[in-house]
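J.: So you can see what is in the structure, the chains are spelled out below.
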Amino acid sequence: MAPYLFKRLGQSVLTVFLTISTVFVLIRMAPGDPAAAYAGPLATTEDLAKIRASFGLDRSVVEQYLLFLKGILTGDLGTSYSFRSPALDVVLERLPFTITLAVAAILITTVVSVPLGVWMARRADTTRELGANVVTIAGQSMPDFWSGIMLLTVFAVLIPVLPASGFATWGGLVLPALTVAILQIALISRLVRSEMAKNLTAPYLTVARSRGVSERALVWRYAMTNSSIPVVTALGTRFASMLNGVVVVEVVFAWPGVGSLVVRALETRDYPLIQATVLVTAALAVTVQLLVDLAYPLLDPRVRLGKKVSA
Amino acid sequence: MSTALLDVEDLQVELITAGGVVRAVDGVSFTIGEGETVTVIGESGSGKSTTAMAVLGLLPDDLAVLSGSVRFGDTDVIADPKALRGVRGRTVSLIPQDPMTALSPVHTIGRQLVEAVRLRKPDLAKHAAEARAVELLDLVHVPRSADQLGRYPHQLSGGMLQRVLIAIALAGEPRLLVADEPTSALDVTVQAGILGLLLELQESTGIGILMITHDLGVARLVSDRIHVMRDGRFVESGDVESVVDHPSHEYTRKLLSAVPVLGPWDEDDTAGGDR
Ligand SMILES: Nc1ncnc2c1ncn2[C@@H]1O[C@H](COP(=O)(O)OP(=O)(O)O)[C@@H](O)[C@H]1O
Ligand SMILES: [Mg+2]
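These protein sequences, in sequence, are chains W and R.
With the first letter of the first sequence counted as 1, position 141 gets the number 141 in the numbering used here; the numbers rise by one all the way through.
With the first letter of the second sequence counted as 1, position 56 gets the number 1056 in the numbering used here; the numbers rise by one all the way through.
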């Protein structure tokens, strides 16, 4: 277990390092000047040079990069140009909103996809199941911004029961969380379906049925427990990726999380803020994924206890 | 036979498959009385498992069409499939072909055994049900029975698992066991031990056994009556002596000429041969 743990920990750190390094280089290669964005159209060349120097952008990229790495080790990710406060603080202030959105989305996903997947598995290959299949495949290929705008139109404009944007009340959480969840429901319910279908026809289930175990127990105690290992793992992975990937939905709904923050930071060429956002979300996602991977053996006795043939 | 535990009459099973409708069982009749072992023997694909699964009502209703009658006492489970709920586990239980895949891999032996005990006696307290579970494991000669409750199926050998499955089948105190090739997935050295156990249980409890096998050695060892199956029909039926010693059918003679593959009778798997 220990060597595995170190290997996975090393992989995680490396992933975050490569992500943040790539972003560091890419934003400096992209067109646009932070100083110009900061100073506005009337600034003189002299002003811009001064601003650039104050941002540390007059140094070479290599020098900036080394300073940035040094900053990471001391917990200093620089000062946001537009917020004029430590970039890390700005990100951490927004992070709870993104986590709330991701948690709500994963809860909706679980609550909907487990019964839906079970339902589909029990009606495997019938017309109704085919219908549900088409819907989930459609959900899977629907772009986030499209489903978001559809939900906005229906629930906030046509039937105005839910707030369209921002986070003034808990009601404001419903539409963005649903939008994120739609894609995940499509993915997870299909996984639940295939795992359940596999377990519902497994020999152990037939043998359990032969000794009088009720259909309800067969589905929920036997097949569901056996299906839960890959499903829980997938949910964890989806959760990790949501922490990174809800940018579009946050922008569509003006949700005050790190997704909309990073868009604003990109618009203003706010290098420290972009870097801090990417670093924090990547680290968080990688940590969640690591926990999921480590939880796997705990869920599966075959992995946890290993093979031990004996009387 | 009025005291028959199981009375199957003109059972016919049509399976709806991708390649069309297959009549897997084509009008078979047999009875099993108290303390009797009735064997259905035949080569692979002859319809033995389909017969066994039809008796237990375990064929999926949308893929199998059954006719004829399967009566446990007065209950005909083909005419009244809902009656299966009261029959399964209590009147008849299954000993599966492959013990390695016959238990839920993520639940302990104890959990599955205790569940079976409580299906029969729902009012039993947890510790009493566990005590009964240990008793059942002792009955099937599983060593260190109490320690096995906390174990998972993958931690036991095939022979031990088959004993556990027999214990689970017995938890419902059934009158009849349906054993679908109960030793064919097992190591040859433990096969005789399992068959011996079934005969021992029959001796002490008078349980009836429907034995499904393709192995004449098995059939000869355990049977009171033998039905030889081919293409969904019984081509020859009778007691062991008449079928084995005076086969009237060419197919039976061919089955007989296949060398019986049964492990040495004296090697008991509880004595350490079980791997
Ligand atoms: N799930 C199935 N799909 C299609 N055909 C099947 C299925 N199960 C059994 N059959 C067919 O039914 C016949 C009897 O099979 P089975 O009862 O399993 O035979 P046995 O147990 O004697 O080997 C065979 O012809 C087999 O091809
Ligand atoms: Mg078979």
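Treat each hint with caution, since some may be false.
[Claimed, not checked] Taking lysine-lysine and the DSBU-like style, the derived pairs with C-alpha atoms no more than 35 Å apart in a straight line are:
1. R:Lys1121 to W:Lys198
2. W:Lys70 to W:Lys198
3. R:Lys1126 to R:Lys1082
4. R:Lys1082 to R:Lys1121
5. W:Lys7 to W:Lys70
6. W:Lys50 to W:Lys70
7. W:Lys198 to R:Lys1254
8. R:Lys1126 to W:Lys50
Please keep in mind that the hints were generated in silico from the structure rather than gathered at the bench.
J.: What hints, given by number in increasing order, does this structure fail?
T.: 2, 7, 8
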